[in-house]
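Chemist: Note that the protein sequences, when read in sequence, are chains A and B.
Each residue of the first sequence is one higher than the one before, counting from 1 in this note's numbering.
Each residue of the second sequence is one higher than the one before, counting from 1001 in this note's numbering.
Simulated from the structure, these hints should not be mistaken for lab results.
There's no promise every hint is true.
Claimed, not checked - Capping the alpha-carbon separation at 20 Å, the derived lysine to aspartate or glutamate pairs in EDC-like fashion look like this:
#: 1; chain 1: A; residue 1: Lys323; chain 2: A; residue 2: Asp307
#: 2; chain 1: A; residue 1: Lys323; chain 2: B; residue 2: Glu1102
#: 3; chain 1: B; residue 1: Lys1017; chain 2: A; residue 2: Glu54
#: 4; chain 1: B; residue 1: Lys1196; chain 2: B; residue 2: Glu1181
#: 5; chain 1: B; residue 1: Lys1096; chain 2: A; residue 2: Glu366
#: 6; chain 1: B; residue 1: Lys1344; chain 2: B; residue 2: Glu1276
#: 7; chain 1: A; residue 1: Lys196; chain 2: A; residue 2: Glu181
#: 8; chain 1: B; residue 1: Lys1196; chain 2: B; residue 2: Asp1228
#: 9; chain 1: B; residue 1: Lys1138; chain 2: B; residue 2: Glu1212
#: 10; chain 1: B; residue 1: Lys1049; chain 2: A; residue 2: Glu54
#: 11; chain 1: A; residue 1: Lys49; chain 2: B; residue 2: Glu1329
#: 12; chain 1: B; residue 1: Lys1049; chain 2: A; residue 2: Glu42
#: 13; chain 1: B; residue 1: Lys1138; chain 2: B; residue 2: Asp1205
#: 14; chain 1: A; residue 1: Lys344; chain 2: A; residue 2: Asp272
#: 15; chain 1: A; residue 1: Lys28; chain 2: B; residue 2: Glu1045
#: 16; chain 1: B; residue 1: Lys1344; chain 2: B; residue 2: Glu1002
#: 17; chain 1: B; residue 1: Lys1017; chain 2: B; residue 2: Asp1188
#: 18; chain 1: A; residue 1: Lys49; chain 2: B; residue 2: Glu1366
#: 19; chain 1: A; residue 1: Lys49; chain 2: B; residue 2: Glu1102
#: 20; chain 1: A; residue 1: Lys49; chain 2: B; residue 2: Glu1045
#: 21; chain 1: B; residue 1: Lys1049; chain 2: A; residue 2: Asp362
#: 22; chain 1: B; residue 1: Lys1138; chain 2: B; residue 2: Glu1204
#: 23; chain 1: A; residue 1: Lys190; chain 2: A; residue 2: Asp136
#: 24; chain 1: A; residue 1: Lys323; chain 2: A; residue 2: Asp281
#: 25; chain 1: B; residue 1: Lys1240; chain 2: B; residue 2: Asp1281
#: 26; chain 1: A; residue 1: Lys49; chain 2: A; residue 2: Asp95
#: 27; chain 1: B; residue 1: Lys1196; chain 2: B; residue 2: Glu1137
#: 28; chain 1: A; residue 1: Lys17; chain 2: B; residue 2: Glu1181
#: 29; chain 1: B; residue 1: Lys1028; chain 2: A; residue 2: Glu45
#: 30; chain 1: B; residue 1: Lys1344; chain 2: B; residue 2: Asp1272
#: 31; chain 1: A; residue 1: Lys49; chain 2: B; residue 2: Glu1042
#: 32; chain 1: A; residue 1: Lys280; chain 2: A; residue 2: Asp340
#: 33; chain 1: B; residue 1: Lys1328; chain 2: A; residue 2: Glu102
#: 34; chain 1: B; residue 1: Lys1049; chain 2: A; residue 2: Glu141
#: 35; chain 1: A; residue 1: Lys49; chain 2: B; residue 2: Asp1362
#: 36; chain 1: A; residue 1: Lys328; chain 2: B; residue 2: Glu1102
As the list claims (entries may be wrong) - Okay, the calculated beta carbon distance ranges per label pair:
#: 37; chain 1: A; residue 1: Thr327; chain 2: B; residue 2: Ala1284; range: 41 to 51 Å
#: 38; chain 1: B; residue 1: Ala1322; chain 2: A; residue 2: Lys182; range: 53 to 63 Å
#: 39; chain 1: B; residue 1: Gly1317; chain 2: A; residue 2: Glu329; range: 49 to 59 Å
For each residue, glycine too, the CB sits at the ideal point set by N, CA and C.
Protein chains: 2
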Amino acid sequence: MERVNGVNFGNWLVLEKWMNPALFAGTKAEDEYWLAQDLPQEVYEARIKIHRSEYITERDFVTIASWGLNTIRIPIPYFVFGDRPPFLGCIEELDKAFAWAERYGLKILLDLHTAPGSQNGFDNGGLSGVVTFGQDEKEVEFVLSVLERLAERYGKRPGLWGIEPLNEPLTEGIYDASQVEKRYPARDPKMASHNKPISFSFLEDFYTRAYERIRPHLAADKVVLLHDGFSLLRWQSFFKKSGFANVALDTHQYLMMAEMAGCPQTVEGYKDYIKEHYEKDIAAVQAYVPVICGEWCLFNSLAVGIDTHGGQTVLNGVAGAAKESFTKEEKRAIYRELADASLKAWNRGSGQFYWSYKLLTDTVNEAGWIGWDAWDLGRCVDFGWYPVARA
Amino acid sequence: MERVNGVNFGNWLVLEKWMNPALFAGTKAEDEYWLAQDLPQEVYEARIKIHRSEYITERDFVTIASWGLNTIRIPIPYFVFGDRPPFLGCIEELDKAFAWAERYGLKILLDLHTAPGSQNGFDNGGLSGVVTFGQDEKEVEFVLSVLERLAERYGKRPGLWGIEPLNEPLTEGIYDASQVEKRYPARDPKMASHNKPISFSFLEDFYTRAYERIRPHLAADKVVLLHDGFSLLRWQSFFKKSGFANVALDTHQYLMMAEMAGCPQTVEGYKDYIKEHYEKDIAAVQAYVPVICGEWCLFNSLAVGIDTHGGQTVLNGVAGAAKESFTKEEKRAIYRELADASLKAWNRGSGQFYWSYKLLTDTVNEAGWIGWDAWDLGRCVDFGWYPVARA
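So that you can see chain A by itself, here it is in the shape it has in the complex:
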């Protein structure tokens, strides 16, 4: 497997309000489910269509190729085929993306980022505070049919790198610690009344069914990428008995999660944590399955200047920094050192995708967002925080 040097297209086809507040202006919606309920249908359509046509364009593929990256992870919603009104499908946007990727020598990982009833209750799961995916077999079958249709459509395209059947299922091991119901309160408590974590037994079964539905449509070099459910070290026996061809494991590692686990908020603290946890764990797992860090970024509380309590924002009701704590040069030094340490860890595995390619968050005109520009790979590159090998 060629090492992945990639980036995510977060907030393009699956929205995140904090990355793009204008889309949600004038509504109480915190996610796309409620955005579609709150807006008149023609206004919802107008906002979404213009957003999709402007957020990512041919120009961005040229930029990403110029950075020397090779792969793009594209989060997509379960309504990608347009068969779940009122939500708008986005298969035309994906078709265009494949043509752009192929023109500029890039590959695409299709990441199913949302599922009906939500697999994690995050805003980026499309329905905040609700975790009910897996309880309704009809919806599980629907998701499998989406994956199968994606595999049929793109399985032999040179621009396809692989398919990831489900992003960040919130499993039993992490459910309580995630405080999902507190951080992302459900707008309609009835919808959340049957919330429960995704069990590993369900997940292993789902992954097996997904693999069997999509593998026959994929060219041999395409990867099926399985998210670890926030539990990187528990998959050895599953992979051993599965007999899967060309699968890999996706793990998401953010420094804010390290902070929650007690990592000191200093450059040395972060670097030690990266080395002692990420690097060691990835090397151990890589011995039996390729591991990709499918989401990470340079964001950390040290550079922000305050403890963000695990990356909570003004949107979560947590105040941001009132002013910069470091000079431009000091910030660059912090980020650059953490970028080098992180990339070294991910490259003990099979590579990485930065989260995310861009975001519209305004750190100048909107109070409280100092430091959140580190989530934006474009800004990281342009500030000299992130090393790229230009053509």
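Use these hints to put chain B onto chain A, whose structure you have.
Modeler: Here is chain B on its own, set in the frame of chain A:
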């Protein structure tokens, strides 16, 4: 005057359909005037607001600063203050742009790009095929009041470079040759029934009134930039008698105009034309007033692979190239050589603004657009067609 190394924000606050077709989807509109008529008000608003919030963001100022540029020319419409319904004002977007520019060490030239009744009849004048500005004194006074309010609001901001009272007035010298009524047919012929060119006598008077209205509000270092009305060499006596402080002359020079004047469509042909016309003329005028090339780009028929007849597109009913005529390396060599020759010419004057920073034109999925990526400075930089000095 510090030499300007700049770029235009075309299509942000003043739309051009060919740069952004999705905004016009499902309508017959060719310009923003008719777009606002054709769409229900709430759909027009939704499209425009999302477009403005996504097309240019803080991130773009970071990118432009990383290229070593110093100034951004922002085309703005006459309805910038929101006092001309149904059109939406954009003063909030400008306020944000000033904060971003100041944070990242950039300056802004405010370019009034449209006027009621249109000063040129181009699609980018906001009302295709109509050239009636200057015939109604009330509307002239309205435009002067817009300029004055802009000067009051931004005249002492460190982020202001200057104000340009009117973009590309289509003067008597160029009116017939421009074939404006043929290239941009008026949708309502009645509106065009009184079309006539902008006379130089009107223009000199308008520039004098504009200067007198805005100069008192501007800090001494801010520039008043006057467009040459497509006649670079006729302004010496005007500037001699005017007694203006800190003014400069704006000239727009596109290779497609050189082609229309008979320039051979070869690298040597373009380079000779640039040297014999642009460079010589600019040096001559620079002797009595600073000259800025406020719009130009690398686009040319040679690199497109067919004669574009002066930059006409599929939107003008002229077929595009069916396939690339050059390899990547050959294209890069053509553009790079023309970039060097052009910048040398503009730097005989007081600098330049590339047209334009970005465009959404899709050269891969939409037939006929091969070569039009050269209008996009982002793509030019990322392809290595345009030299930048990275920080």
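Chemist: It remains to establish, for every hint, whether it holds in the given structure.
Modeler: So, going through the hints one by one against the coordinates:
1. A/Lys323 to A/Asp307: Holds, because 14 Å separates the two Cα atoms, which is no more than 20 Å.
2. A/Lys323 to B/Glu1102: Measuring from Cα to Cα gives roughly 16 Å; hence the hint holds.
3. B/Lys1017 to A/Glu54: Answer holds: B/Lys1017 to A/Glu54 is near 13 Å, not above 20 Å.
4. B/Lys1196 to B/Glu1181: 11 Å, holds
5. B/Lys1096 to A/Glu366: Holds - the C-alpha atoms of A/Glu366 and B/Lys1096 are around 10 Å apart, at most 20 Å.
6. B/Lys1344 to B/Glu1276: Holds: B/Lys1344 and B/Glu1276 sit about 12 Å apart, inside 20 Å.
7. A/Lys196 to A/Glu181: It holds: about 11 Å lies between the C-alpha atoms, which stays within 20 Å.
8. B/Lys1196 to B/Asp1228: The given pair, whose Cα atoms are some 18 Å apart, holds under the 20 Å limit.
9. B/Lys1138 to B/Glu1212: Answer holds: B/Lys1138 to B/Glu1212 is near 18 Å, not above 20 Å.
10. B/Lys1049 to A/Glu54: 12 Å, holds
11. A/Lys49 to B/Glu1329: 36 Å, violated
12. B/Lys1049 to A/Glu42: 14 Å, holds
13. B/Lys1138 to B/Asp1205: Between B/Lys1138 and B/Asp1205 the Cα gap is close to 15 Å, so the pair holds against 20 Å.
14. A/Lys344 to A/Asp272: 13 Å, holds
15. A/Lys28 to B/Glu1045: Satisfied, since the Cα-Cα distance of roughly 19 Å is no more than 20 Å.
16. B/Lys1344 to B/Glu1002: 16 Å, holds
17. B/Lys1017 to B/Asp1188: It holds: about 18 Å lies between the C-alpha atoms, which stays within 20 Å.
18. A/Lys49 to B/Glu1366: 18 Å, holds
19. A/Lys49 to B/Glu1102: Cα-Cα ~32 Å, so violated.
20. A/Lys49 to B/Glu1045: Roughly 13 Å separates the two Cα atoms, so the pair holds.
21. B/Lys1049 to A/Asp362: 16 Å, holds
22. B/Lys1138 to B/Glu1204: 18 Å, holds
23. A/Lys190 to A/Asp136: 16 Å, holds
24. A/Lys323 to A/Asp281: The given pair, whose Cα atoms are some 36 Å apart, is violated under the 20 Å limit.
25. B/Lys1240 to B/Asp1281: 18 Å, holds
26. A/Lys49 to A/Asp95: Between A/Lys49 and A/Asp95 the Cα gap is close to 15 Å, so the pair holds against 20 Å.
27. B/Lys1196 to B/Glu1137: Roughly 15 Å between the alpha carbons, so the hint for B/Lys1196 and B/Glu1137 holds.
28. A/Lys17 to B/Glu1181: Roughly 45 Å separates the two Cα atoms, so the pair is violated.
29. B/Lys1028 to A/Glu45: 19 Å, holds
30. B/Lys1344 to B/Asp1272: 13 Å, holds
31. A/Lys49 to B/Glu1042: 14 Å, holds
32. A/Lys280 to A/Asp340: 16 Å, holds
33. B/Lys1328 to A/Glu102: It holds: about 15 Å lies between the C-alpha atoms, which stays within 20 Å.
34. B/Lys1049 to A/Glu141: 38 Å, violated
35. A/Lys49 to B/Asp1362: Holds: A/Lys49 and B/Asp1362 sit about 16 Å apart, inside 20 Å.
36. A/Lys328 to B/Glu1102: 15 Å, holds
37. A/Thr327 to B/Ala1284: 41 to 51 Å: Cβ of A/Thr327 to Cβ of B/Ala1284: about 46 Å, so the range 41 to 51 Å holds.
38. B/Ala1322 to A/Lys182: 53 to 63 Å: Once the Cβ atoms are compared, 58 Å apart, the range 53 to 63 Å for A/Lys182 and B/Ala1322 holds.
39. B/Gly1317 to A/Glu329: 49 to 59 Å: Once the Cβ atoms are compared, 54 Å apart, the range 49 to 59 Å for A/Glu329 and B/Gly1317 holds.
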